[in-house]
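Model the full assembly from the supplied sequences, consistent with the hints where possible.
2 protein chains.
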Amino acid sequence: MELSKRQETILRIVKDEGPITGEQIAEKLNLTRATLRPDLAILTMSGFLDARPRVGYFYSGKTGNQLLGEHLRKLSVKEYKSVPVVCQEETSVYDAICTMFLEDVGTLFVVREGGILTGVVSRKDLLKSSMGTRDLSSIPVGVIMTRMPNIVSCELDESLLEAASKLIRNQVDALPVVKDAESGDGVEVVGRITKTTITKAFVELGGGEAV
Amino acid sequence: MELSKRQETILRIVKDEGPITGEQIAEKLNLTRATLRPDLAILTMSGFLDARPRVGYFYSGKTGNQLLGEHLRKLSVKEYKSVPVVCQEETSVYDAICTMFLEDVGTLFVVREGGILTGVVSRKDLLKSSMGTRDLSSIPVGVIMTRMPNIVSCELDESLLEAASKLIRNQVDALPVVKDAESGDGVEVVGRITKTTITKAFVELGGGEAV
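Quick note, the sequences are listed as chains E and G, same order.
Anchor point for the first sequence: position 82 equals 82 in full-length UniProt numbering, and the numbering is continuous, going up by one each time.
Anchor point for the second sequence: position 40 equals 40 in full-length UniProt numbering, and the numbering is continuous, going up by one each time.
One thing to keep in mind: the hints can contain errors.
No copy is singled out in the list; a pair is fine if it fits within one copy or between any two copies.
[Stated by the list, open to error] List of simulated lysine-lysine pairs, DSSO-like, C-alpha gap at most 27 Å:
id	residue 1	residue 2
1	K5	K74
2	K5	K128
3	K78	K166
4	K128	K74
5	K5	K179
6	K124	K15
7	K78	K15
8	K74	K166
9	K128	K78
10	K28	K15
11	K124	K166
12	K78	K179
13	K179	K74
14	K28	K166
15	K124	K74
Hints are computed from structural coordinates only; laboratory data are not their basis.
These figures come from a predicted structure and were not determined experimentally.
The following block contains the structure:
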């Protein structure tokens, strides 16, 4: 949303001198209160200003980008997660690579009985181990995976934005979406959020189609 | 930006009956023109409605998400691209994997003299070839890479949104940013856009910090 010059001026006045009434702003600009009403309404409804009866207008401290951020923060992990692809600790590195290609994913989650998360194995982990070893069928994934509790995960009711932020901060390609196991022991994997998920959401937000 | 109930109603009226004047809308709602003025101003300035003097209000056909999309479309490849990491066709698969780990990237661009793009090699390509082969030092990257012209790329003045859309449509993790070579023969690699780039842009838009 683009602000007009007059709206920018009002924003600056309120920022410097708020709380301030509509009448006082009008006076400063040599305009009538009625002339300013649409501008003040726009600034208030779009979230740039806060208004309190009998006190006046406050600067909300939010920029246009922050308001856009508020929109983004409403997207949730629950809406965007995709199905997790899993293997077991005993799965061989060879079979893990095959699963990765067959399912066309970049990260496998390692689980034990009941879907309880025990580790994560990435394309990078598999590439590293495939360089040094002759017989990929003889090494179990459990040996090369990143193991709990050193795994960054997210939960269903988290925002997609927070998940994206974790991907960047921790330099990982995927997060398991987890919930507490019913047994009370560990967490269950119920989905995955990857950089592909975020890229798709970005395309959707832009009005494009993400297949 | 959240619309009020009255603004939603106005939007529906204009959608169904536009072009329509402010007076006519006011009449339909049993309100005065003055009461509606702020709402009409908000809807026009935020892009939901178009207004033409002496004719009336039109529905712009844009939804809130489309307006957000307009903001996104302003982000450019030029602003967000990162440095490309390259190798030559003669580089061995072994050395390519080492470069990938050392530079911490998921895709290498293969170039010849003058930085002219000849191919792309992904972590997936390297993983595949490392599975079947004993001696990774003896295979050149030229044998396993995706070769021009089968490479999806983007240009400096393209929007980041279009680049994100190409990543998804073509199921690749990275795009080379290219420009026509001065020699007139082929394209030169000047940057890269990856799903990490898009995820960082997403975090930034949301007001977070992407390191």
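Hints, one by one, checked against the model:
no., hint, in the structure
1, K5 with K74, "between (30 Å within a copy, 20 Å between copies)"
2, K5 with K128, "neither (56 Å within a copy, 57 Å between copies)"
3, K78 with K166, "both (16 Å within a copy, 25 Å between copies)"
4, K128 with K74, "neither (38 Å within a copy, 39 Å between copies)"
5, K5 with K179, "neither (49 Å within a copy, 37 Å between copies)"
6, K124 with K15, "neither (49 Å within a copy, 52 Å between copies)"
7, K78 with K15, "neither (38 Å within a copy, 33 Å between copies)"
8, K74 with K166, "both (17 Å within a copy, 25 Å between copies)"
9, K128 with K78, "neither (33 Å within a copy, 33 Å between copies)"
10, K28 with K15, "within (14 Å within a copy, 38 Å between copies)"
11, K124 with K166, "both (18 Å within a copy, 24 Å between copies)"
12, K78 with K179, "within (12 Å within a copy, 40 Å between copies)"
13, K179 with K74, "within (20 Å within a copy, 38 Å between copies)"
14, K28 with K166, "neither (46 Å within a copy, 50 Å between copies)"
15, K124 with K74, "neither (32 Å within a copy, 34 Å between copies)"
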